[in-house]
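Trainee: Here is how the chains run, residue by residue.
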Amino acid sequence: MQAPPRDQVESVLADIVKEYLSRGEAVRVTGLGSFSVRHQNSSIERTGSGELKMRPPIDEIVFTPEP
Amino acid sequence: MPLDLETEIARRLDASPEAVSDVLATVVERIRQQVSYYGYARVAGLGTFRGAEDCLVFEPDPTLAEHVNLKFVGLDELLVSSGPGVRDADTKEPAYGELDAFDPFERAPEQDEVEAEAAIEPEAEADLDADVEWSMAWDAEGDAEGDADVGTGEDDDFEEEPPVYTFREEESVDDVVWEEEDRPAAERDADEDTEDQAPYGDESLDDSPSVQWRPIDLRPESREDDHEEVAAAAAGAASADHDFDDAESEVNEEVAYAEEDEIGAEGAFEPEVETGAEGEFESDALDEFDEEAVVAASESETERGTRLHESLLSPTDAVRRHARASARSTGERNRSVIWLGAGVIVLVAIAAVVFFALRPDESQAPPLAEQMEPPAIPDTSASSAVDETTAAEMPPAALSEEAEAEDDDSTPLRSSEGIDPSEGGYTIIVYSESSEQQASDVAAQYRGEGFRADVLEYEDDGATHLRVGIGQFTTLTEAAETRNRLAGNELPGDAWVRRVP
Chain C
1 MQAPPRDQVE SVLADIVKEY LSRGEAVRVT GLGSFSVRHQ NSSIERTGSG
51 ELKMRPPIDE IVFTPEP
Chain V
1 MPLDLETEIA RRLDASPEAV SDVLATVVER IRQQVSYYGY ARVAGLGTFR
51 GAEDCLVFEP DPTLAEHVNL KFVGLDELLV SSGPGVRDAD TKEPAYGELD
101 AFDPFERAPE QDEVEAEAAI EPEAEADLDA DVEWSMAWDA EGDAEGDADV
151 GTGEDDDFEE EPPVYTFREE ESVDDVVWEE EDRPAAERDA DEDTEDQAPY
201 GDESLDDSPS VQWRPIDLRP ESREDDHEEV AAAAAGAASA DHDFDDAESE
251 VNEEVAYAEE DEIGAEGAFE PEVETGAEGE FESDALDEFD EEAVVAASES
301 ETERGTRLHE SLLSPTDAVR RHARASARST GERNRSVIWL GAGVIVLVAI
351 AAVVFFALRP DESQAPPLAE QMEPPAIPDT SASSAVDETT AAEMPPAALS
401 EEAEAEDDDS TPLRSSEGID PSEGGYTIIV YSESSEQQAS DVAAQYRGEG
451 FRADVLEYED DGATHLRVGI GQFTTLTEAA ETRNRLAGNE LPGDAWVRRV
501 P
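Sequences listed follow chains C and V, in order. With the working numbering, letter number 27 in the first sequence gets 27, and the count goes up by one each step, no holes. With the working numbering, letter number 36 in the second sequence gets 36, and the count goes up by one each step, no holes.
So here's chain V without its partners, still in its complex pose (with noise of 0.2 Å):
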């Protein structure tokens, strides 16, 4: 059943429906007047009802609002999910699509495909390339034989996935340990000099043969001719400056040559060496490489042999670290580029602010009296408006270089004539008194001193006002500049403009 609404509201106030009609009708009423006069009208407890395009608009009150939406108090909003990984309640896809956790230092075998890639097969050791990737270096001693624990010269080995190298990264780059799968102890044992070589060497070998690291001495007095390339490439790649690209194929090609060197089941390959030397295998250089290998102190030996250890790494890990180090050195000079401009930017202000301070004032105005204008007065020629009140306001007018010059010569002013009254204009009173006698003595003295003085005669509140007259203007602008230039001065400072009778 739908609301009677007068019918309610009268039961509520105990009133009639008729009475009742009429007064809702006349808040109705009142409501659209509003509305339409002020542009809103508000009704307590209800809302506001706005107009807007010949019709009403209602922006209903807080307190109506939440009342009518109690039954759901205490139903906030729900987080359903939050973050990447989200996924669309539609589709039940990720909304932004699943991020690959990846840990650089976290490599795993089934991960490690570039290692894999990266493996030396047998028959590529003749066919060194610079740009072959190596993660390992095999170690050629007794491949020549054909040692199958070596596993250079036997293809069953490499059939095999090759050995997985983890290390652990200790806090410097120095302290980097290897650790090696299996390392054949005849090889330990001929290495037992070099093990004090920390950062290359591990000291926690064990007998079984594998492959092994061993440390490459880039020192060029260990190997003159033969590594001078390879001192030149480390030398080079210690520069933080260079191209990564550059650096990176340069350890290659370092790693390359120190590849070579190691392999004998070729022959070795040393770097100016030429390849027909198969079969041979120069340990000479090398048995002086384990004797002189122990790193010495020396920070650039260190750091060889930490490039070393880079090149050796997998590719992907020197290509981080190398990314790091550009990284770094471009953020240093972003920093010094902020920094550069932000002084220029401070040296430029300093400039601005000595120059407006150093500016001559080019703002000074002339002095008022030279600049300002005679004030705009209107022209009271058909009516006596102006009466001694207004006169005696008007704001002092600013000389002006006419006025001056009208002063000098000026015949309104100062002549041996009297003041006409039938020419009209205006006129400076100075005096005011009912004598006659009086007033003519005052005009007398003005009149010796060259004004154009005269008695004139005024009716004012029915009264009769003899007044001396200085002066006939033809304007009252004209009058009252030079009213306000003598005033105080020549003439008495009551002195006030009024029109000639």
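Chain C extracted, bound-state conformation (with noise of 0.2 Å):
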């Protein structure tokens, strides 16, 4: 078999990684690092002007890299 094109194979990488990340599943890409998400609840904040909102949870994603 032929080796893939550095394009296809870079695609490729950026569609594991996002579903992976979707399901809240890491990544570790060798000699690069590791791709994962954070998980923040929602919560209260306090604006500038004294109002109070709640803000919706979100995934963060987060990149450890490999030294």
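Just so you know, these hints were derived from the structure itself, not from any lab. These numbers were taken from a predicted model, which means no experiment stands behind them. Just to be clear, a hint being listed does not mean it is correct.
Covered by chain V, per the in silico footprint, the following chain C stretches (three or more residues, Cβ under 8 Å) [unchecked claim]:
id, segment
1, 23-31
2, 53-63
Rough simulated footprint, nothing fancy, chain C against chain V, three-plus residues with beta-carbon under 8 Å [as the list claims (entries may be wrong)]:
id, segment
3, 16-29
4, 64-70
The beta carbon of each residue, even a glycine, is placed where N, CA and C say it ideally should be.
Hints given; two lone chains; assemble the complex.
Mentor: Listed below in structure tokens is the structure:
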């Protein structure tokens, strides 16, 4: 089998990372780092005008580089 | 089970894991090289890698972040509470404290503590003090007889809560109408003539006995000696510039005097009558007052009445009214100051423009010929780098005073001698031909004009050129200056500088 083109590998890599992060799973790329998600619950914050607002939950994408 | 990335990619691309592993390593290496070289590397659909402190920082692509948070779509920020009165979710206490709702025109009995405190005590009638805040005037007629209806001589009446007076503020102060609760019929009959005093009296009187409001005529002529001070105080209060504290004290004094006039239990207390006249109640003045107390249509009297009304109001109301008036005057003063400052700034700006416009132009440079220094031409004495093209393209240098001075006594340019090749230097070529005769004729012609001219032989491109040189200069700069000065006049316009062979 021939080696796939680089751009195709990059595209598939992006798709895999997107898919696994959506499921909450981590992806490790050898030589680069690890992609994972960190869930942040909803919280109530006070704005500058004194209003109280509830911020919705969010999954934050975290990248841990390899040395 | 941890993800085997190479296997997954190989499966999706229908390739071998080994090949995918090699390509993936290449991708990673390329990313690191780009980060180290350009500072960032972007992978489409994934994000951007940046270098920071010997490590990689990843910024996800917006599409990636949106896809990851697809399950939270529709959950926007929710406003829990807003504005003052917001309660902290943790402490459940007011965030900023509760604001006291206050309507200066709404006075409930339970809030009117000031009026309750200022209620007149019969025992205090004899010790009327100008600092005492009066909120109402007690009609003293009949009090000496202990008229219970009036209540001034009865302690029981004073133990009751003072009647609450409310007023409706009409469009103008002149239309303020006092509503009275209860008014003795006898008093009303006596005051029938005074019902027309609209600013003070109330037309809707009932017959029930109670405290009544008796308007005070502050006209000096009605109470000449007795109310001189009061009239003066009222006139002073009519001025909008007086200090509020002083006005309040004046008004209080005015009210005090007016009150004292009305009190009959301890005798009439005329402002300038000794209080020893207990039991007396001089009603003459009051009778006159009743008849003459009809408020004229004069504006000044209305103002005095207004002041009196204000004084009879709760002190807080009077305070607020005066505060508003002073605030208005302060605001007007502030506006005038602002306009004055703006006018001063405009005048200063106009003066600055005129100054700079009329100032002599100091920046006007002297003629270029006198100011410009000769261009810095590198010394090429070690090589023959200066050729015809370079000399012809040199920008014309400005004349300098020294050059002019040299020109007059210029030995390098004007001399009966010819050009000595052994001395080297530079010369101005004005003619170039292969014919020696023609070159000699041209040289002789320039010599006849006083120039230092000679025929020089140059070897260029394998050919021998006979050129007529004018002058022999030690430096290229000097030669160039002379050439620029004389080219087109005494020398041909296409003359150029060349090193003496």
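Trainee: All hints are to be evaluated individually against the structure, with a verdict given for each.
Mentor: Structure-based check of all given hints:
1. With a cut-off of 8 Å between beta carbons, the segment 23-31 of chain C has 7 residues touching chain V; three or more are needed, and the interface restraint holds.
2. For the segment 53-63 of chain C, the assignment as covered by chain V holds, since 9 residues bring a beta-carbon within under 8 Å of that chain's beta-carbons and 3 suffice.
3. Taking a C-beta to C-beta cut-off of 8 Å, the segment 16-29 of chain V contributes 11 residues in contact with chain C, enough for the three needed, and the coverage statement holds.
4. With a cut-off of 8 Å between beta carbons, the segment 64-70 of chain V has 6 residues touching chain C; three or more are needed, and the interface restraint holds.
Taken one by one, the earlier hints all hold for this structure without exception.
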